[in-house]
Amino acid sequence: MTAAAAKPVVRSTAHSIVEATPRARTVAGGLVILYAVITILPLLWIVATAFKSQSDAIAYPPKVLFQPTLEGYVNLFTVRTRQTPDFIAKLPPPQTWYDRLVRQRDMVIAGPSKVVPRFVNSLIIGFGSTFLAVFLGTLAAYAFSRFRIPLADDLLFFILSTRMMPPVAVAIPIYLMYRELNLTDTRLGMILLYTAVNVSLAVWLLKGFIDEIPREYEEAALVDGYTRLQALRKVVLPQAVTGIAATAIFCLIFSWNEYAFAVLLTSGEAQTMPPFIPFIIGEGGQDWPAVAAATTLFVVPIVLFTVVLRKHLLRGITFGAVRK
Amino acid sequence: MAQIRVENLRKSFDQFTAVQGSNFTIDDGTFFAMLGPSGCGKTTTLRMIAGLELPTEGKILLDGEDVTFRRAAARDIAFVFQLFALYPHMNVAENIGFPLKCQGMGRREIREQVQETARLLRIEHLLSSKTSKLSGGDRQRVALGRAMVRRPKAFLMDEPLGALDAEFRHLMCGELRDLHDRIGATTVYVTHDQLEAMSMADQIAVMNKGRVEQIGSPQEVYDRPASMFVADFIGSPPMNFLRFEGGLHSGDRAISFHDTRITVPEIREDRTSAELALGVRPEHIRFADAAPVRGEVFGAEYLGTTQIVTVDTAHGRVAARLPSSASVQVGETVGLEFQSERLALFDVGSGLAIRTASQESARHG
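Heads up: the sequence lines are chains B and D, in that order.
The working numbering puts the first residue of the first sequence at 1, with every later residue one more than the last.
The working numbering puts the first residue of the second sequence at 1001, with every later residue one more than the last.
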């Protein structure tokens, strides 16, 4: 420190190639913030719309400041019938705040809507297929990475080739096959389908991660008394956790957002959120606040999952890019 | 503590044969080095002994018991890897205690054993450190600790010092040998570094292209190499080979080398005319004006106490190790005198050494 301070200050126009100048930092920071605003703004708009009344939601020019209401959420979670004011006046006084809210609009609650079962379907199918894809992907990737498998390269290419066309291109054969197998509109059917699509991605991503883990680790464990499976669980997996987290997020994002197959193969029992959300618009006019409320709810699990695994994800994306 | 016996061991990967028909016995308590260039099959042999690789053919016996197809964990052998293979998600004590945990030993007992091992390796102060914070030498000590902690029948080490810098390597060489002397366990040590092998091993197996070329004490493989490969691989600079055509008769004490005669150890086999090579170690050459083999000094490499002088002769370039006090002029013509009782003869066709009195004494000594 003192040695550095004692040096005369040299003014130079040369820049260090590894350290950014303060101005470059400011510009970079500004760009990042601008980009963040551009991407976050639509999300904020949806969150805000969910708290608007129906007329505020479609007001022109758009309202930035408005009287917040929970009407959108109430509409999302309930099925209502329109009644005459006379009929409503004859009813016993409303029991809850949402009863009161609905009656102000000349309606009564007829029962819960289907949003909760649909959301549960999404959770089960999304996380179920993600778990299966990552589980199978990890085992397959480990095998490809560690064992001498005949035709390994061809098999890997074959696995990758399943992603070379849009999955929807095979929608009709899959539909016919599912009808034969009685898998249409079942959670199991959707889990299997999404797993099949995701597992190729999982194998390729995870193979890269597992290749990076020196095989000496598990060999040491094998010599020290573990079986192959124990070594995989206790030694390889803890080190592959970054890659597994990153892969899980990619898989979940796909199966959570998937729309085309969900529309084609589910209509009732196993319907997920993506085909359900546009369906809300049709009920009782253009209920944008309810749609926005549904969208907000729909985004929450992905955001939570990503935040939980954030640390791993960031390391995962850059993993292997630089030799340590 | 165990004797390791390898019988007709062979290993092929598809078209490539990594190890072809090795046979050797490693006696209990021996420090046995497998030495050879990369790709010679030494690591594959070691991995087969460990059970990390299954042989295509042959048998591996541990204390007379056939363990060829037994899984690694059931062999009671410890393996030390070149890259240490310390588990990055565990600290030093957990790393050392890991094999005991695998065996299901109780926590208190593990702690005692780990302490004991750490004391032996003088790394007690590091027990709670993260492995990523350790220096190369300390990592290697931890890896050794993990190998030692469960008192295995034998230690297998795959270039354990390869990842260390030269200074540390030298230090660890001494420590390893010292440790071996204290524990007395059979150790199989794979290396491509002849200095490591020479300085530590009781027995050295020199391997080339999947075959064991020679097994012997460091002195045997150095003084009485069984083949041109061994003579060339061991020693720095390697043995000089001076080629000549000729026949040999059992009982001869000299050979006709081109136009002169050179005294050699008594020859013990007959050879009709063939391409032969006279093997001379650089340190067995002296400059003598009267010597019949002559050449022109090409260059000198100063090494402190000695210097390596290269001389261009009619039969090829020859390296001689001379005291650094000798003054040598580049370009001057010198005569080369060989220390006759240390000379070796090789058949260039087969690459094998020709039996002589000094070779014979190797077999019986």
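Everything labelled a hint here was simulated from the structure, so no lab data went into it.
Careful, some of the hints might be misleading.
Far from chain D, some chain B residues (derived; all Cβ distances over 10 Å) [to be verified]:
no. : residue
1   : 64
2   : 85
3   : 91
4   : 103
5   : 148
6   : 154
7   : 158
8   : 222
9   : 223
10  : 227
Below 27 Å or equal to it, Euclidean Cα-Cα: the simulated DSS-like pairs (lysine-lysine) are [what the hints assert, rightly or not]:
no. : chain 1 : residue 1 : chain 2 : residue 2
11  : B       : 311       : D       : 1133
12  : B       : 234       : D       : 1059
13  : B       : 234       : D       : 1101
14  : B       : 311       : D       : 1101
15  : B       : 114       : B       : 234
Partner residues aside, some chain B positions facing chain D, computed with beta carbon under 7 Å [what the hints assert, rightly or not]:
no. : residue
16  : 59
17  : 167
18  : 211
19  : 216
20  : 217
21  : 220
22  : 225
23  : 226
Beta carbons: idealized from backbone N, C-alpha and C, even for Gly.
Hint by hint, work out which the structure violates, then give me just those numbers in ascending order.
When the structure is compared with the hints, numbers 5, 8, 9, 10, 12, 14, 15, 16, 17, 18 turn out to be violated.
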